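There are 2 protein chains.
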Amino acid sequence: MSGSLLVTGIGELVTNSPGSGDLLGAVADAAVAIGDGVVVWAGPEADLPDEHRGGASIDVGGRAVIPGFVDAHTHLVFGGDRSDEFARRLRGESYRQILAAGGGIHATVAATRRASDSDLIADAAARALRMLASGTTTVEVKSGYGLDTATEVRMLRAAAEVDAATPIDVVPTFLGAHVVDRGSDRDDYLRLVVGEMLPACAPLARFCDVFSDEGAFTVEEARIVLEAGLAHGLRPRIHADQLSHTGAAALAARLGAASADHLDHATPEDAAALREAGTVAVLLPGASFSLRSSPAPGRMLWDAGVTVALATDCNPGTSYVESMPLVVALACLEMGLTPAEALWGATRGGALALEMPDRGWIGPGAIGDLVVLDAPSHLHIPYRPGTALVDTVIKRGEIVAGLRPEADR
Amino acid sequence: MSGSLLVTGIGELVTNSPGSGDLLGAVADAAVAIGDGVVVWAGPEADLPDEHRGGASIDVGGRAVIPGFVDAHTHLVFGGDRSDEFARRLRGESYRQILAAGGGIHATVAATRRASDSDLIADAAARALRMLASGTTTVEVKSGYGLDTATEVRMLRAAAEVDAATPIDVVPTFLGAHVVDRGSDRDDYLRLVVGEMLPACAPLARFCDVFSDEGAFTVEEARIVLEAGLAHGLRPRIHADQLSHTGAAALAARLGAASADHLDHATPEDAAALREAGTVAVLLPGASFSLRSSPAPGRMLWDAGVTVALATDCNPGTSYVESMPLVVALACLEMGLTPAEALWGATRGGALALEMPDRGWIGPGAIGDLVVLDAPSHLHIPYRPGTALVDTVIKRGEIVAGLRPEADR
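Read top to bottom, the protein sequences are chains A and B. Quick note on my numbering: the first sequence kicks off at 1 and runs consecutively. Quick note on my numbering: the second sequence kicks off at 1001 and runs consecutively.
Rather than coming from a laboratory, the hints here were simulated on the basis of the structure. Computed from a predicted model, the values in this text were never measured in an experiment. Ideal Cβ positions, reconstructed from N, Cα and C, are used throughout, including at glycine. Just so you know, not all the hints are guaranteed correct.
Looking from chain B toward chain A, a few residues come up when the C-beta cut is under 8 Å (computed) [to be verified]:
1. M1001
2. L1326
3. C1332
4. Y1383
5. A1388
Sequences are here, hints too, so could you generate the full structure?
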């Protein structure tokens, strides 16, 4: 799916264009021309060459246009829901108590194993379409609620189905090492991940992830899994230092991982290591918000020169958040990022975390993923939390949500 | 505008019905019959009398149904926006610095005075319709950005226009004593409020409000204004103890005010006084969220037996929030209310704060304001923050957003 479209009347165009003076490379009174799904021209409308006129076009009436959001960390495919557990936590039960009573992640594993392929796909596609409607044009999706080879494979196949059936681009990650399956011996489980799951899942995934934390995998176990993933051609990323400081961020840097995610307990030393390694910090403010815990030190990481991305962590246990606009608001209000930093992290930062340099910005050569805001400036995203500000979503030059082109009206 | 409609297939019906065992009076597998805009029957669908069948009906397929949200505190009518000020605060400027530089509330006063009647009405109606789409069926609207008699009157007329032009019910409040107009003598301004604004505005309002806090009006000044309002037939409500503890909540209790709003610095003694007086505590978690300040002690107030309402405080400076679902999530995650308490506060609590006993619940005699959630349970509202979970909005028995009745499909 790809199209050609001219977008004019842009009051504020956020280009994130490398080389421009400000972080967002904002251009006033702008236009963008997309040909065959790829941006061919972007700049002040007064400078638009005539060759780009004459085809399908929309005038957005002075609204702001931003790159499509790139949500670089989600668990979009799952069975069941855990709303009851959410309510129990608000009444004071701890996650540990809920886990001991058979809830927590193991409840989702059981529900995911029970779910039919068609239900897994339909539910994940519905989530993906809601994400698309709120401006997300690329989404990473992890396995990790199977914990057996068959279900891990089914989850990654479901992710591929969502990619094929919806306009959103899905980037699959293998997360067999999410937690040790209940009733399994720890070493046996690790051997299963490395010896059986990885060979079966690697052809279906682009990245290998491990949840390294208290109650999950040690840093040494994470290293074993990620190195095995690398041997199967999967780039590493890590759930790191969310619940405690274990040293997982430092491992991410040592391995040159694409990203270290969560980082609620990251230190300035971790920040320096991530910056040196070029590993992206993927911050997930929806998780700390939903868990009522302290957010990751986003301000510190940004100021230390780390490349920061923002993502939803969409999952049924600790962050059932689908909206990147809400994540941008949380990054500002809970982590102290500026609106420009947060928007950059939710677009360009996410693309860098996924090692997809062709998106998260708007300029010649970028894919034509644009979001028209029903607002004059990107500032309105965090300024008006909870309001649906997405007017139109354009994916590879085709309007997939919102306005119709002039020709169709 | 009012209609007759039968709603069947309700998986979970939140009635808030007085006398039922649990706070929300939830009924499984329920139906609701609305006749001429008023609920005539609600209960288990198996018990539905035949007399209520045969007219327009919708089957909501197992979804949850709640009473329409009652947003009891907004500043919906205003000119301009203050997104730039929002960004400056995130970069570290204080509200005091922004105020000194001509920003803050005085920027909105200037923009509101400049705005044409038609722009004021159109912008406020657009906000009201977005609120309606997110489930709000009744909204309180304050004046207070005029600070001169002519503009205060224009604001209240704009609120009446929004009431007439949209399905949402607008409840008007006079807030001439929002802040002393810039350049005015404090005593002169109070004389203007009481001697000229009140007589002009009272016929257009139901309540009189005062912002009593540091930098605004003292408790003694608030008493003078509210007693003058009472003499004009306006019931009192107060912006109380938001920025500091001034004793305004205690004044609200002494006057038997309908509500004391904000209460970020309320004490257990204030709670006891509010409970004794039957004054509703209207909590505004969108404001503390947007200001990055500590939220009001919602848990303490609820546990002290105070009637708690939740509202958006929608305004261009400190809480540009239109979504009651986000407010419910913030009340849970930032104030520690349970999902049931927060939902009750956002519906029944709001109705009590506005002294409108005919709404905020679902049962015979209540007006037919219902919201169908795209979820099986009310728990999903705070569990899935930022996701648009409103499937259909029914106002006085008419579908105003979402699904069409069977007959029309």
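*Quick one, is the B/M1001 hint okay against chain A at 8 Å, beta carbons?*
25 Å, violated
*If you take the shortest Cβ to Cβ gap from B/L1326 to chain A, is it below 8 Å?*
B/L1326 check passes; min Cβ-Cβ to chain A is 3 Å, inside 8 Å.
*Classify the hint on B/Y1383 as holds or violated, based on whether any CB of chain A lies nearer than 8 Å to its CB.*
Holds. Min distance 4 Å.
*Taking the least C-beta to C-beta distance, is B/A1388 closer than 8 Å to chain A?*
6 Å, holds
*Cut-off 8 Å, beta-carbon criterion: hint that B/C1332 touches chain A*: 5 Å, holds
Checked against the numbered hints listed earlier, the structure breaks hint 1 alone; every other hint is satisfied.
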